[in-house]
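Residue numbers (the working numbering), protein chains in the order written: chain W, 27 to 203; chain F, 27 to 203.
For the record, the hints were derived by calculation from the structure and aren't laboratory data. Where is the CB? At the ideal position from N, CA and C, for every residue including glycine. No false leads were mixed into what you were given.
Reference listing, derived: stretches of chain W covered by chain F, where coverage requires no fewer than 3 residues with Cβ under 8 Å from a Cβ of chain F:
id	region
1	54–62
2	174–188
Label pairs and their calculated CB-CB ranges:
id	chain 1	residue 1	chain 2	residue 2	range
3	F	S183	W	N171	23 to 29 Å
4	F	H74	W	D38	44 to 50 Å
5	F	R160	W	V85	40 to 46 Å
6	W	T67	F	E115	37 to 43 Å
7	W	P65	F	A47	31 to 37 Å
8	W	E81	F	L154	32 to 38 Å
9	W	A130	F	N114	35 to 41 Å
10	W	D38	F	A102	24 to 30 Å
11	W	D84	F	T67	45 to 51 Å
Protein chains: 2
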Amino acid sequence: MTQTPPADGPADIRDGEIAVALPGRFDAQLYFIGRIRTPWTRRQDCPHNAREARERGDVCTIEVDPRFAAALKDVAGYSHLIVLYWMNEARRDLVQQTPRHASAPRGTFSLRSPVRPNPVALSVVRLLNIDGSRLSVIGLDCLDNTPLIDIKPYFASTDSVPEATTPAHKQTSDTGT
Amino acid sequence: MTQTPPADGPADIRDGEIAVALPGRFDAQLYFIGRIRTPWTRRQDCPHNAREARERGDVCTIEVDPRFAAALKDVAGYSHLIVLYWMNEARRDLVQQTPRHASAPRGTFSLRSPVRPNPVALSVVRLLNIDGSRLSVIGLDCLDNTPLIDIKPYFASTDSVPEATTPAHKQTSDTGT
Chain W
27 MTQTPPADGP ADIRDGEIAV ALPGRFDAQL YFIGRIRTPW TRRQDCPHNA
77 REARERGDVC TIEVDPRFAA ALKDVAGYSH LIVLYWMNEA RRDLVQQTPR
127 HASAPRGTFS LRSPVRPNPV ALSVVRLLNI DGSRLSVIGL DCLDNTPLID
177 IKPYFASTDS VPEATTPAHK QTSDTGT
Chain F
27 MTQTPPADGP ADIRDGEIAV ALPGRFDAQL YFIGRIRTPW TRRQDCPHNA
77 REARERGDVC TIEVDPRFAA ALKDVAGYSH LIVLYWMNEA RRDLVQQTPR
127 HASAPRGTFS LRSPVRPNPV ALSVVRLLNI DGSRLSVIGL DCLDNTPLID
177 IKPYFASTDS VPEATTPAHK QTSDTGT
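Chain W with its partners taken away, still in its complex shape (with noise of 0.2 Å):
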């Protein structure tokens, strides 16, 4: 491989934020199979985040690449999918960072943000319809014309997981507030 990491400086990072080297060769690599169409061309335009995607209710286009379209085979047939999507403007080498509602920096294991070692993107989706190769569905969050790198099936039995809790949840349990 001949491609190098992006040699991201140091120069935009917020205080408390922590940078790492990153390694110097990839393992492995990803073919973009297709592309997401949403209503959204400026970050600041996009739903803050998945549960505000579905709550405002956009529909959005997933186009598989003809190439693949065959795989497309049964998928009408399940009500939610798992999609996942190329992040592929953020900068891979922060391993604690603070978003915007946090007061301070967070583990990057510990939150949704695009940015990550591995810029993969994972939402849940409720699917509308399948015309040929284009998926319409609702539930995604991200900017017109994002790389696809896979679709899935969604299972309740497995995936589904309502009594999960958060810290938030914990916070709330531990200290009665």
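Since the structure of chain W is provided, determine the placement of chain F on it from the hints.
Frame of chain W; chain F shown alone:
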């Protein structure tokens, strides 16, 4: 990029399965950021799926590369995580394939099979403990030493869809069987 995609031959295709010519180049690259340690060194010993993995309850260990260990800050507060990993022994060119349990070929995007254009697998796991850069979890079904791609927090508010239906559900409700 000088590494060319693997040239899988059609020799080991089952009746009705469909292979496509893969693109001549890759579009993005991944780091392996750790390893997943499981009790299973042979495919036939692994749980058949995530549900069986959860029911068997075997504890697996995610070993994060020390380079990225600081990214685990705050992760301990979550009860469940999403783990992305690389199924590096899978072929990538089948768009329709016949799983063991199926009677006819199915579209790759309707399956969670490791055989797909980008063999990134996803499991929802229950977090038991974090010791340094090692996480003890329940819910993985992969081979020992599987490369780790990402760890994300699981949010019930957006990742849990208990009412999601599959073709089996639909068939049941359609036919009454």
